[in-house]
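K.L.:
Construct the entire structure; sequences and hints are all you get.
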Amino acid sequence: MKAQELRKRDKKELEKMVQEFRKKLSDLRFKFSSGKLKNVKEINNSKKEMARILTILKETK
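Taking our numbering, the leading residue of the sequence shown gets 90, the next gets one more, and so forth.
Hint data in this document are derived by calculation from the structure and do not stem from the laboratory. Model, not experiment: these values are computed from the prediction. Don't take each hint at face value.
[As the list claims (entries may be wrong)] Listed next, the in silico SDA-like pairs over lysine to any residue satisfying Cα-Cα at most 25 Å (straight line):
1. 97 <-> 146
2. 101 <-> 124
3. 100 <-> 141
4. 91 <-> 148
5. 100 <-> 114
6. 101 <-> 149
7. 147 <-> 90
8. 91 <-> 132
9. 91 <-> 123
10. 147 <-> 106
11. 147 <-> 96
12. 147 <-> 92
13. 130 <-> 94
14. 105 <-> 124
15. 147 <-> 123
16. 147 <-> 128
17. 91 <-> 137
18. 97 <-> 125
19. 97 <-> 123
20. 125 <-> 144
21. 150 <-> 120
22. 147 <-> 99
23. 97 <-> 118
24. 120 <-> 96
25. 97 <-> 120
26. 137 <-> 94
27. 130 <-> 149
28. 100 <-> 147
29. 113 <-> 134
30. 120 <-> 110
31. 150 <-> 130
32. 147 <-> 129
33. 137 <-> 93
34. 100 <-> 129
35. 105 <-> 93
36. 150 <-> 131
37. 125 <-> 96
38. 101 <-> 140
39. 101 <-> 146
40. 91 <-> 125
P.N.:
Laid out in structure tokens, this is it:
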């Protein structure tokens, strides 16, 4: 999702998305360590998306 699209959302929704990405990232790390993750790039994509959301949240403060 692009930064422009994220800026249109409200603060509560962005915070909820951050929590979902943190959970997803922990699941991906677990799958990676157990050898079940096929797309390793998905970890980096999740980190970047979460960083985008956190940056926008900081901008609004």
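K.L.:
Does each hint hold? Answer for all of them.
P.N.:
Comparing the hints with the structure gives:
| no. | hint | verdict |
| --- | --- | --- |
| 1 | 97 <-> 146 | 12 Å, holds |
| 2 | 101 <-> 124 | 35 Å, violated |
| 3 | 100 <-> 141 | 13 Å, holds |
| 4 | 91 <-> 148 | 15 Å, holds |
| 5 | 100 <-> 114 | 21 Å, holds |
| 6 | 101 <-> 149 | 12 Å, holds |
| 7 | 147 <-> 90 | 18 Å, holds |
| 8 | 91 <-> 132 | 18 Å, holds |
| 9 | 91 <-> 123 | 31 Å, violated |
| 10 | 147 <-> 106 | 15 Å, holds |
| 11 | 147 <-> 96 | 11 Å, holds |
| 12 | 147 <-> 92 | 13 Å, holds |
| 13 | 130 <-> 94 | 23 Å, holds |
| 14 | 105 <-> 124 | 29 Å, violated |
| 15 | 147 <-> 123 | 35 Å, violated |
| 16 | 147 <-> 128 | 30 Å, violated |
| 17 | 91 <-> 137 | 11 Å, holds |
| 18 | 97 <-> 125 | 36 Å, violated |
| 19 | 97 <-> 123 | 38 Å, violated |
| 20 | 125 <-> 144 | 31 Å, violated |
| 21 | 150 <-> 120 | 35 Å, violated |
| 22 | 147 <-> 99 | 13 Å, holds |
| 23 | 97 <-> 118 | 30 Å, violated |
| 24 | 120 <-> 96 | 31 Å, violated |
| 25 | 97 <-> 120 | 33 Å, violated |
| 26 | 137 <-> 94 | 15 Å, holds |
| 27 | 130 <-> 149 | 29 Å, violated |
| 28 | 100 <-> 147 | 10 Å, holds |
| 29 | 113 <-> 134 | 11 Å, holds |
| 30 | 120 <-> 110 | 15 Å, holds |
| 31 | 150 <-> 130 | 31 Å, violated |
| 32 | 147 <-> 129 | 28 Å, violated |
| 33 | 137 <-> 93 | 15 Å, holds |
| 34 | 100 <-> 129 | 30 Å, violated |
| 35 | 105 <-> 93 | 18 Å, holds |
| 36 | 150 <-> 131 | 29 Å, violated |
| 37 | 125 <-> 96 | 35 Å, violated |
| 38 | 101 <-> 140 | 16 Å, holds |
| 39 | 101 <-> 146 | 10 Å, holds |
| 40 | 91 <-> 125 | 29 Å, violated |
Hint compliance for this structure: hints 2, 9, 14, 15, 16, 18, 19, 20, 21, 23, 24, 25, 27, 31, 32, 34, 36, 37 and 40 are not met, and every other hint is.
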